[in-house]
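What follows is the residue order along each chain.
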Amino acid sequence: MKKIAILAASSLIALSACASGPSKEEVTPVIESAKAENAAAKKMGFMWRDAGKMIKKAEAALKEGDTAQAMKLAKKAEFQGKMAQIQAKEQANAGPAF
Amino acid sequence: MKKFIIAMTALGLLGGAVAHAKTNPAQDLKEFRAYFFKKFPGVPLQEYANGIYGVNESRRVEWEATMEFPPFEPGVDAGQDLYNKYSKHFRKCFGNSAGKGIRQNYPYFDSKSGDIVTLEGAINDCLKKNGEKPLGWKKGKLAALVAYMASTSNGKAININVPNDKRALAWYERGKHHFYSKRGQLNLSCANCHVDSAGGQIRANILSPALGHVSHFPVYRKKWEARGSGVTGGFGTLHRRYGGCNKQVRAKPFKAQSDEYKALEYFHTYMSNGIKVNAPGVRQ
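Line by line, the protein sequences give chains A and B.
Residue numbering for the first sequence is 0 to 97, as defined by numbering that gives the first Met the number 0.
Residue numbering for the second sequence is 0 to 283, as defined by numbering that gives the first Met the number 0.
Fair warning: there could be bad hints in the mix.
What the hints assert, rightly or not - Cross-link-like lysine-lysine pairs, in silico, DSS-like; alpha carbons within 27 angstroms at most:
no.: 1; chain 1: A; residue 1: Lys88; chain 2: B; residue 2: Lys128
no.: 2; chain 1: B; residue 1: Lys84; chain 2: A; residue 2: Lys41
no.: 3; chain 1: A; residue 1: Lys74; chain 2: A; residue 2: Lys52
no.: 4; chain 1: B; residue 1: Lys181; chain 2: A; residue 2: Lys52
no.: 5; chain 1: A; residue 1: Lys42; chain 2: B; residue 2: Lys29
no.: 6; chain 1: B; residue 1: Lys254; chain 2: A; residue 2: Lys56
Said to hold, decoys possible - If you want the footprint, here are the derived chain B segments under chain A, 3+ residues with CB under 8 angstroms:
no.: 7; region: 92–105
no.: 8; region: 159–170
no.: 9; region: 187–197
As the list claims (entries may be wrong) - So the derived label-pair ranges between C-beta atoms look like this:
no.: 10; chain 1: B; residue 1: Cys244; chain 2: A; residue 2: Lys52; range: 41 to 49 angstroms
no.: 11; chain 1: B; residue 1: Ala169; chain 2: A; residue 2: Ile85; range: 41 to 49 angstroms
no.: 12; chain 1: A; residue 1: Lys62; chain 2: B; residue 2: Gly94; range: 51 to 59 angstroms
no.: 13; chain 1: A; residue 1: Ala91; chain 2: B; residue 2: Ser112; range: 46 to 54 angstroms
Because the hints were derived from the structure by calculation, they are not lab data.
All of these numbers come straight from a predicted model, not from anything done at the bench.
Ideal placement from N, C-alpha and C gives every residue a C-beta, glycine not left out.
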């Protein structure tokens with residue numbers, strides 16, 4: 000019985016740690032990085048359509064205290080910014096295939 | 000240090016000259032047309048003014064039925080009313096033509112400013128110079144006005160000139176690069192849909208050939224009609240469509256009349272040289 004109680008208590012602690020998500024201090028630099036990556040993609044003329052919206056939604060989620068959602072969106076936007084820059088570089092010599 | 004700067008400048012100029020030496024719009028046009036003639040054997044050049052209706056028989060039947068009572072006519076009449084309202088300004092800006100029968104020559108490279116002048120841009124410049132409020136770029140009044148003005152060019156062959164001026168060639172190359180560059184999350188270029196897959200299906204839609212695209216703009220789209228209001232609600236300019244295409248591949252669109260879209264229009268229109276203006280078109 001004692002063992003079960005210890006296990007349940009430790010599970011609860013673990014679950015609550017997951018639910019609280021990353022801290023605000025952890026999310027903010029990821030949002031800033033997402034902004035920088037997408038600004039660079041925009042400058043190259045290759046920004047993707049939804050990255051800007053994702054960043055706005057991440058900021059709103061952070062404001063509301065949903066740091067897990069904010070982190071998820073910020074990472075997605077950051078990834079899109081990086082991919083768009085790779086795309087721009089790959090397309091530097093784009094031309095007809097015929 | 001001075002020698003180094005001179006050497007780098009010379010190298011830069013040489014590089015620029017080499018890049019422009021590679022630019023051969025006439026050869027590009029020849030190859031572009033040849034590709035479509037091979038892809039759609041037997042379709043004459045002028046048929047490309049009709050978009051997918053020139054290459055897809057079942058859609059052509061539907062389009063011919065639509066054209067018995069063209070849905071754009073009240074909108075073109077509204078465009079004519081606007082033209083009449085501004086015609087005194089247009090006489091000053093466009094000379095004797097007063098803006099009629101000039102669509103086939105736009106966009107053009109202005110050697111004085113080094114800029115590309117689109118018809119929409121020239122109209123709004125003219126309105127501003129004459130104390131009028133410029134019209135919104137993508138739809139509504141300006142699209143209807145241009146639809147009317149373009150209709151006065153119907154039957155005249157598109158005639159875009161790319162002079163041997165490094166600035167004009169740079170505009171052309173920029174537009175060509177945009178056209179062939181894959182972009183957006185879907186990683187698709189204009190050419191992937193409208194060259195490689197022209198005539199094919201994307202969901203329930205047929206992809207139109209890029210050859211002849213510009214001949215029937217502004218277009219009256221059923222999709223825009225459903226979203227818009229009034230008789231001009233279905234009209235949209237070429238730059239509205241560019242923005243829509245970019246969004247569809249999940250790329251962030253550029254602004255209408257941005258340098259990027261002006262360059263694209265310059266290249267895109269040059270590729271349709273020789274095709275007669277057939278505006279406005281009805282599209283889905």
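Hint check results:
| no. | hint | in the structure |
| --- | --- | --- |
| 1 | A:Lys88 / B:Lys128 | violated (41 angstroms) |
| 2 | B:Lys84 / A:Lys41 | violated (40 angstroms) |
| 3 | A:Lys74 / A:Lys52 | holds (13 angstroms) |
| 4 | B:Lys181 / A:Lys52 | holds (22 angstroms) |
| 5 | A:Lys42 / B:Lys29 | violated (33 angstroms) |
| 6 | B:Lys254 / A:Lys56 | holds (23 angstroms) |
| 7 | 92–105 | violated (count 0) |
| 8 | 159–170 | violated (count 0) |
| 9 | 187–197 | holds (count 4) |
| 10 | B:Cys244 / A:Lys52: 41 to 49 angstroms | violated (19 angstroms) |
| 11 | B:Ala169 / A:Ile85: 41 to 49 angstroms | violated (25 angstroms) |
| 12 | A:Lys62 / B:Gly94: 51 to 59 angstroms | holds (57 angstroms) |
| 13 | A:Ala91 / B:Ser112: 46 to 54 angstroms | violated (28 angstroms) |
Against the hints set out earlier in the document, violations occur for numbers 1, 2, 5, 7, 8, 10, 11 and 13.
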